[in-house]
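Number of protein chains: 2
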Amino acid sequence: MNSLDPLFAPRSIALIGASPRTDSPGGILLHNLSGFRGDIYPVTPAHREIRGLTCYPEPAALPENVDLAVILRPAAEVPAVVAGLRNRCRYAIVVSAGFAETGRGALQEELARAGHEAGIRLLGPNCLGVFNPARQLDTFFLPADRMRRPRRGNVAVVSQSGAVLVSLLEGLAKIGSGVSRAVNYGNAVDLDAPELYDYLAEDSGTDVVLAYLESVGDGRRFIAAARRLAGRKPLLLLKAGKERSGQSAAFSHTGRLAGRYEVFSSILQQNGLREVGEFEELLDGARALSLQRQVSGARVCIITNAGGAGVLAVDACMRGGLETPPLPRDVLEGLRQSFPPFYAVGNPLDLTGQVRDADYGKALAALRDHYDAFLVIALTGVAGVTLGLADILVKFRAGISKPLVAHVAQGRLAGKLEKLLVKSGIPAFPTPERAARGIRLLLGGGG
Amino acid sequence: MNSLDPLFAPRSIALIGASPRTDSPGGILLHNLSGFRGDIYPVTPAHREIRGLTCYPEPAALPENVDLAVILRPAAEVPAVVAGLRNRCRYAIVVSAGFAETGRGALQEELARAGHEAGIRLLGPNCLGVFNPARQLDTFFLPADRMRRPRRGNVAVVSQSGAVLVSLLEGLAKIGSGVSRAVNYGNAVDLDAPELYDYLAEDSGTDVVLAYLESVGDGRRFIAAARRLAGRKPLLLLKAGKERSGQSAAFSHTGRLAGRYEVFSSILQQNGLREVGEFEELLDGARALSLQRQVSGARVCIITNAGGAGVLAVDACMRGGLETPPLPRDVLEGLRQSFPPFYAVGNPLDLTGQVRDADYGKALAALRDHYDAFLVIALTGVAGVTLGLADILVKFRAGISKPLVAHVAQGRLAGKLEKLLVKSGIPAFPTPERAARGIRLLLGGGG
Chain A
1 MNSLDPLFAP RSIALIGASP RTDSPGGILL HNLSGFRGDI YPVTPAHREI
51 RGLTCYPEPA ALPENVDLAV ILRPAAEVPA VVAGLRNRCR YAIVVSAGFA
101 ETGRGALQEE LARAGHEAGI RLLGPNCLGV FNPARQLDTF FLPADRMRRP
151 RRGNVAVVSQ SGAVLVSLLE GLAKIGSGVS RAVNYGNAVD LDAPELYDYL
201 AEDSGTDVVL AYLESVGDGR RFIAAARRLA GRKPLLLLKA GKERSGQSAA
251 FSHTGRLAGR YEVFSSILQQ NGLREVGEFE ELLDGARALS LQRQVSGARV
301 CIITNAGGAG VLAVDACMRG GLETPPLPRD VLEGLRQSFP PFYAVGNPLD
351 LTGQVRDADY GKALAALRDH YDAFLVIALT GVAGVTLGLA DILVKFRAGI
401 SKPLVAHVAQ GRLAGKLEKL LVKSGIPAFP TPERAARGIR LLLGGGG
Chain Y
1 MNSLDPLFAP RSIALIGASP RTDSPGGILL HNLSGFRGDI YPVTPAHREI
51 RGLTCYPEPA ALPENVDLAV ILRPAAEVPA VVAGLRNRCR YAIVVSAGFA
101 ETGRGALQEE LARAGHEAGI RLLGPNCLGV FNPARQLDTF FLPADRMRRP
151 RRGNVAVVSQ SGAVLVSLLE GLAKIGSGVS RAVNYGNAVD LDAPELYDYL
201 AEDSGTDVVL AYLESVGDGR RFIAAARRLA GRKPLLLLKA GKERSGQSAA
251 FSHTGRLAGR YEVFSSILQQ NGLREVGEFE ELLDGARALS LQRQVSGARV
301 CIITNAGGAG VLAVDACMRG GLETPPLPRD VLEGLRQSFP PFYAVGNPLD
351 LTGQVRDADY GKALAALRDH YDAFLVIALT GVAGVTLGLA DILVKFRAGI
401 SKPLVAHVAQ GRLAGKLEKL LVKSGIPAFP TPERAARGIR LLLGGGG
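Chains as they are written, first to last, in full-length UniProt numbering: chain A, 1 to 447; chain Y, 1 to 447.
By construction, these hints were calculated from the structure, which means they are not laboratory data.
Hints are not guaranteed to be accurate.
As the list makes no split between identical chains, a pair holds if one copy fits it or if it spans any two.
Said to hold, decoys possible - Each computed DSS-like pair below joins lysine-lysine, with the alpha-carbon atoms no more than 30 Å apart:
# : residue 1 : residue 2
1 : Lys233    : Lys362
2 : Lys395    : Lys423
3 : Lys174    : Lys416
4 : Lys174    : Lys423
5 : Lys416    : Lys395
6 : Lys362    : Lys174
7 : Lys395    : Lys362
8 : Lys233    : Lys395
None of the values given here were measured: they were computed from a predicted structure.
Go ahead and model the full structure; you've got the sequences and the hints to work with.
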């Protein structure tokens, strides 16, 4: 079985179309690969050396075979470039655009043939390629000051669209999530979602997969691979091109027809595959599933210091098919006696603006055996909530194997508290509804 | 007709329960009122002077009548305090909690009677009161370092929940929106949503109203007032307590039964009132409606430099009942000739990663008469997008009376570009779907 390791973790790369100009893709890419843990061979007839690296006029002149070639030449030249790489490498990323997505289907077919005849597996064309922070592999032609990269972590991202991939990676960086592998496969002339999914299913560094797609090549193959992957780890799918005009937009974007969405969607459902509704839910899903393990269950306990936010969280839980059952009578009586009379002891448990950090701990301890998951809401605008709340939640969570997520908001402490929580494995969300969505994913529910 | 001006823009305030302690509500409130444009009379028997202000032992000792009293005494004392204010003021805010929301319905009825007998209109109890940045009126017992206040602007916020109000205000501050009036009415023993809505309908400084509610006192009165308000300016309603357990949570929160949501929701719809689905949509609505006027129409043009984001925007528009019709044939031919062959000229119009700022301007100029609204997507990770794009969009928008919103993301320029746009009246959103929601609101559609 082909592991795609030469693509995601190559030991050597030939960069076809390297350039010293830092405002050209070939120059940006060379710069972004400066930390790469392996050998880099710039290929260009125009220079003898760039950034201290010896250049080679053509692939045939390379001193050794490479694991991966990255091709940045104009579209019309690419089939010949691929043919020239025969016996020099097994994988090539075709970054160049200007194939089926601009109506040049014949050129794309020519590219496919060239790859097949040369025995080279192709990623792309019209793609950004791959990102693997563990190896400092980064084939994106976006300078560092234009795109913030996420740290190393356990989230993999597979996207048909380059822009969506980049937005997702920046979003993950912003919320402090880390990435194991990221890949944009563009027009998918050869390598497609199924093989990438199979690779990620086996990848031990990946715990959750975010997938964006607009179209599917071979439907059966796609579903089979998606099922295999989802059987191993959480897979969150965002399918765009849902509506009629979205479908034609998706066609001009990657040159493949999106297919009837309703059919696709119902097949996903029949196969137990999780589909998310919009972009933001992919990020929220990563937030939750990269930090905690999925368990089964539906009974959620909500503990809040803000009545309204608690009510919104209950609404969102119920909408998502979860339950927020009342507190067991004996626990209720016990908490009523130990809390001030104006705390509303129920589910949600409203500790009011008078709350102190320790009250959350007291409530959680009393309720830990009675619910499947805990949603803690802390608006930090009140005096009794401090950064010490993070310790209390982290300690509680360390003693259970149930999901605990937080909605932290409002107040200058919120940002700091959120960071402390995330660092210790507790996902924090900016609204009650998004926190409820996090809980739903952790309880194995759909997006 | 009672204008509620003494409540929202009083010339003088008596603060019953003032304190020098900056960690007590009475002290925080006094501090927050330090910039108040009017007279403040601290009332407390324990001190002769606080922060340079003469204190009065009881309301009867006040040197003159005041427009507004703010009451911070323990719940049990409040009815007597109100009785003591007879002939001293016409409005009082009861900040104190511990009434119907904690099962003390009799005490709340006693409070209602006291207000009625004293001829004093009451806001609350169990509320934060009012915020009016134009007068530096701020009755929230939250220190400035615990809650960021928004600037002065044209968005009014009316919330039954104090925590939701505070979260909304911080959210508005974060996105750069300004506030005209904000009010939290809590248990609504007297003043309720209808009178507050009527006041805001008349208030010339308010262009859009965000309303959060969990329960409605007199349904007919509520609907009538909401209709009057929505007839004058956009009103976005978020009703919490939608689900059965949400309803009982809402009861313990403000002591009023939430009613059957489905009935309420269908009545809203029948009356053409706009309901939003969750918290974040209130903020997104404010972003759009505070900057641009609603118009009628449904035909949206999407111009993007990121194919995938364009497809997601089309999906979201279609889901929201909008149309994204193809480009007129002659415009399409013209743009095809003036743009590089790899731009995907359609709707969405995909200018690809090779875009330059001026391309957006060229496309908008060619399409301005053919659509009702424009959704511009700019991922700033590519070299051709600069802050100059703001100028181009602002100039285009100055010449039309149609909505133009942006989805700006990804790339270190995004934050700056977003700020520039918002400052010049163009709402910018962090995801394609949320931008589409903004367009939908500006085209008069539901949330």
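Exercise for the section: Give me the numbers of the hints this structure contradicts, sorted from smallest to largest. Expected result: Of the numbered hints given earlier, those the structure breaks are 1, 6, listed in rising order.
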